[in-house]
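*Asks:* Sequence:
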Amino acid sequence: MIESNNFSLVIPIYNESINIKNLISEIIDIEYNCKYEILIVNDGGSDNINISDYKIIDEIFSIKILNHNSNFGQSAAIRTGALKSKYDTIITMDGDGQNDPKDILNLLNIFVANDKVNLVQGIRNSRKDNFSKIIGSFIANSVRTLVLKDNCRDSGCALRVFNKDDYLKIVYFDHMHRYLPYLFLQENLNVKFENVTHRKRMYGKSNYSNIRRLFSGLYDLFGVIWLMKRKYKVKLKKIL
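Here the sequence shown is numbered in the working numbering, starting from 923 and rising by one per residue.
Hints were generated in silico from the structure; no laboratory data involved. If you're wondering where the values come from, they're calculated on a predicted model, not measured in any experiment. Built from N, CA and C at the ideal position, the CB exists for glycine as well. Possibly wrong hints are sitting among the right ones.
[Unchecked claim] Listed below are the simulated BS3-like cross-link pairs for lysine-lysine, each with C-alpha atoms no more than 30 Å apart in a straight line:
| hint | residue 1 | residue 2 |
| --- | --- | --- |
| 1 | K1091 | K1006 |
| 2 | K1071 | K1055 |
| 3 | K1122 | K1153 |
| 4 | K957 | K1114 |
| 5 | K1055 | K1038 |
[What the hints assert, rightly or not] Derived DEER-like restraints, expressed as beta-carbon distance ranges:
| hint | residue 1 | residue 2 | range |
| --- | --- | --- | --- |
| 6 | K1114 | K1024 | 14 to 24 Å |
| 7 | I982 | V1093 | 27 to 37 Å |
| 8 | E948 | N1047 | 10 to 20 Å |
| 9 | N1110 | S1064 | 37 to 47 Å |
| 10 | K1114 | S992 | 33 to 43 Å |
| 11 | K1151 | K1122 | 39 to 49 Å |
| 12 | K1153 | D1096 | 17 to 27 Å |
| 13 | N1036 | S968 | 18 to 28 Å |
| 14 | G966 | N944 | 35 to 45 Å |
Using the sequences and the hints, build the whole thing.
*Replies:* Printed below as a string of structure tokens:
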């Protein structure tokens, strides 16, 4: 096994007990040819998620469940997973089953094959959400792209691969997961966009409303602009 291929899969969830069980079954059925771990971060949900729910078939992978004592949001859950991860390569995905685990291998191979790529960001090629959610997401992405010029038409896609140390260099703030491509670019890191599959939600309902997402997105956008304008930008002259 190639050590650099080994990865930690971080999956934030909030009351997704049925979806996460089905998703884990799909994930472990895929042959990755490397070691990996799955970190399920229960972000203050009321579901009882137990490690005994999952059958461990061999020593190639392990499953950990990390519990927040309150609902801190997706960005906090991703950070908890990254901080607790065993491997340097981090993959994130949603726990609602709308990301297809079959895309993990493609994104991982792209990341491993090119050492100049620091973040592979999934782009949902054909959204399977309701019309209002698609329109709301389109508006939010259009405004963000226009202002930040990050060239990312779907920063809300949770399926992505990055290096843990690169990610931890970035100043943490709530909802930062929506701006990861831009934040990586601001650290002079390279970002690659790759189309991924998007599926219909089978069980439960989304924990986000369009109105809430719109206002929090605008608020966060101004915060990101404020933060980046105050970023440390000193460049040292080369010593000849």
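*Asks:* State the violated hints by number, sorted upward, taking the hints as numbered earlier in the document.
*Replies:* 3, 5, 9, 13 and 14
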